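> Sequence:
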Amino acid sequence: MTQTSKNIAIIGSGLVGSLLAIYLKKKGHKVTVFDRRPDIRTVEFSGRSINLAMSNRGWRSLRKVGLEERIKEIAIPLDKRAMHVNEKPVYFQKYGKEGEAIWSISRGVLNRKMIDLAEKAGAEFKFNEKVWDIDLPEAKLYTGASEKSEWKAYQYDLIFGCDGAFSRVRHKMQRRSRFDYSQQFINVGYKELTIPPNADGTHKLDKHSFHIWPRGKFMLIAMPNLGGSFTCTLFLPFEGPVSFENIATEKEAKTFFKAYFPNVQKEIENLTSDFFKNPTSAMVTMKCYPWTYWNKVALVGDSAHAIVPFYGQGMNAGFEDIFVLNELMETYGDNWDTIFDEYQKQRKPNADAIAELSYRNFVEMSSKTADQMFLLQKKIEKRFSTKHPDKWIPVYSRVTFSDKPYSEALAIGDRQEKIMQEIMKLPNIENVWDSQEVEDKIVSLL
Numbered sequence: 043m044t045q046t047s048k049n050i051a052i053i054g055s056g057l058v059g060s061l062l063a064i065y066l067k068k069k070g071h072k073v074t075v076f077d078r079r080p081d082i083r084t085v086e087f088s089g090r091s092i093n094l095a096m097s098n099r100g101w102r103s104l105r106k107v108g109l110e111e112r113i114k115e116i117a118i119p120l121d122k123r124a125m126h127v128n129e130k131p132v133y134f135q136k137y138g139k140e141g142e143a144i145w146s147i148s149r150g151v152l153n154r155k156m157i158d159l160a161e162k163a164g165a166e167f168k169f170n171e172k173v174w175d176i177d178l179p180e181a182k183l184y185t186g187a188s189e190k191s192e193w194k195a196y197q198y199d200l201i202f203g204c205d206g207a208f209s210r211v212r213h214k215m216q217r218r219s220r221f222d223y224s225q226q227f228i229n230v231g232y233k234e235l236t237i238p239p240n241a242d243g244t245h246k247l248d249k250h251s252f253h254i255w256p257r258g259k260f261m262l263i264a265m266p267n268l269g270g271s272f273t274c275t276l277f278l279p280f281e282g283p284v285s286f287e288n289i290a291t292e293k294e295a296k297t298f299f300k301a302y303f304p305n306v307q308k309e310i311e312n313l314t315s316d317f318f319k320n321p322t323s324a325m326v327t328m329k330c331y332p333w334t335y336w337n338k339v340a341l342v343g344d345s346a347h348a349i350v351p352f353y354g355q356g357m358n359a360g361f362e363d364i365f366v367l368n369e370l371m372e373t374y375g376d377n378w379d380t381i382f383d384e385y386q387k388q389r390k391p392n393a394d395a396i397a398e399l400s401y402r403n404f405v406e407m408s409s410k411t412a413d414q415m416f417l418l419q420k421k422i423e424k425r426f427s428t429k430h431p432d433k434w435i436p437v438y439s440r441v442t443f444s445d446k447p448y449s450e451a452l453a454i455g456d457r458q459e460k461i462m463q464e465i466m467k468l469p470n471i472e473n474v475w476d477s478q479e480v481e482d483k484i485v486s487l488l
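Basically my numbering = 1-based index in the sequence shown + 42.
Since the hints were made in silico from the structure, they are not lab data.
Everything numeric in this text was worked out from a predicted model, so none of it was measured.
Backbone N, C-alpha and C define an ideal beta-carbon position, used for all residues, glycine too.
One thing to keep in mind: the hints can contain errors.
To be verified - Distance ranges between label pairs, derived from CB positions:
1) Arg102 - Asp379: 22 to 28 Å
2) Val485 - Gly282: 43 to 49 Å
3) Ala453 - Val485: 17 to 23 Å
4) Leu417 - Glu479: 17 to 23 Å
5) Gly108 - Gly375: 20 to 26 Å
6) Glu86 - Gln216: 32 to 38 Å
7) Gln216 - Gly108: 34 to 40 Å
8) Thr428 - Gly108: 34 to 40 Å
9) Asp242 - Phe87: 23 to 29 Å
10) Gly375 - Glu86: 42 to 48 Å
11) Gln225 - Lys319: 25 to 31 Å
12) Lys319 - Val474: 27 to 33 Å
13) Val485 - Phe169: 55 to 61 Å
14) Val474 - Phe221: 26 to 32 Å
Make a model of the complete structure from these sequences and hints.
In structure tokens, the structure reads:
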């Protein structure tokens, strides 16, 4: 269904804001994107990024506007995890079936590209323009140099808040009656580190793997970049025996890396300098409802549902918001009341589900991936799902390699976990795990 052209403002020029701008331009709307920060294409990155893992949902959203191939040029497919457990050789775990992979992309590189593409599509960007207030019923916004300076007013038909976990737009909506809001920080922070390329520009570790060093309460991950480097992220508690608080000097940092990450020995100088150069960032799960105000204002992406990054689904979930919005625009045309209402009703349960799954995956990645019984359970699941793909799709595959709702993945995953708890109690499971008897037992429990 076609739509009457509207004058639309998007607050936030991040990944979600710039992709939404492209979608809205394709629908024939006039689009202006505001960002309080400078143009990311003109500045050095801040050293607080985690590489993105683009998966099915993200690719589907890009494909819809003809951008999939363009973005694949700046991404590297990863078809497996590489587990670095001390005292053991590196071992690999395939992600999914043959040909299934997540794609590593530098956030900065992708964001610059998306802004270029949105400008090319005809969106106007206003950088260094801070939005201080929004008149929700009127879809008016006010910008200025500071909270106390003189403000400039802009009038729009619709406003989309794509301004992240600490959204200015949502802040204004929070003052409405019956607006639910919660935020929860985890006690773990993260820091960006880098492993540079070899002298000849090649990667020092396997290029097509997502590298994980699980260490119980903390972990290090590494994802490849096109130039041969790896963007690493150290996840570590803020306080406690092994924590950011307890690494205050270069000597303490070197001791820490030597003790826990002996196989990155050669990189210690580099990791140590990054450790003190780059900021320590916090991670938050943010939930709210409603996501829309009348037919005037809507929240999209992190401003509606910020999640911790342990499923690699933050960007994918935000892109999926846009895909769903687009489908509703095609169904309901100019009926923005229904579009906004259906959008929040469809997306809210899925946003809550991926928030829960992401938090659980943190526990799994840091403490369970080195646990023998957990690995055995995964082996049994993998064997069963390979033999009975119609009966058992692992949760990770449902989230990462499908477009089915997150809420469905969570519910089915909980059911599968219950079954596996029964299986793991079977006598002598370590020796009979690949037997017909175990297979039959899973079928009977299903």
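> For each hint, tell me whether it holds in the structure or not.
A quick look at each hint next to the structure:
Distance hint for Arg102 and Asp379: a CB-CB separation of about 27 Å, consistent with the stated range 22 to 28 Å. In this structure the supplied range 43 to 49 Å holds for Val485 paired with Gly282, their Cβ-Cβ distance being about 44 Å. A hinted range of 17 to 23 Å holds for the C-beta pair Ala453 and Val485, which are about 20 Å apart. A beta carbon spacing of about 21 Å between Leu417 and Glu479 agrees with the range 17 to 23 Å that was offered as a hint.
For the hinted restraint 20 to 26 Å between Gly108 and Gly375, the CB-CB distance of approximately 22 Å keeps it satisfied. Between Glu86 and Gln216 the C-beta distance comes to about 33 Å, which sits within the given range of 32 to 38 Å. Between Gln216 and Gly108 the Cβ separation comes to about 37 Å, which falls inside the hinted range of 34 to 40 Å. As the Cβ distance of Thr428 to Gly108 is approximately 35 Å, the hint placing it in 34 to 40 Å holds.
At about 25 Å, the CB distance of Asp242 to Phe87 agrees with the hint of 23 to 29 Å. For Gly375 and Glu86, the Cβ-Cβ distance of about 44 Å falls inside the hinted range of 42 to 48 Å, so the restraint holds. With their beta carbons about 28 Å apart, Gln225 and Lys319 fall inside the hinted range of 25 to 31 Å. The hint said 27 to 33 Å for the Cβ distance between Lys319 and Val474, and at roughly 52 Å that hint is violated.
At about 58 Å, the beta-carbon gap between Val485 and Phe169 stays in the expected band of 55 to 61 Å. Range check, Val474 to Phe221: Cβ separation about 54 Å, and the 26 to 32 Å hint is violated.
When held up to the earlier numbered hints, the structure conflicts with 12, 14 and fits the remainder.
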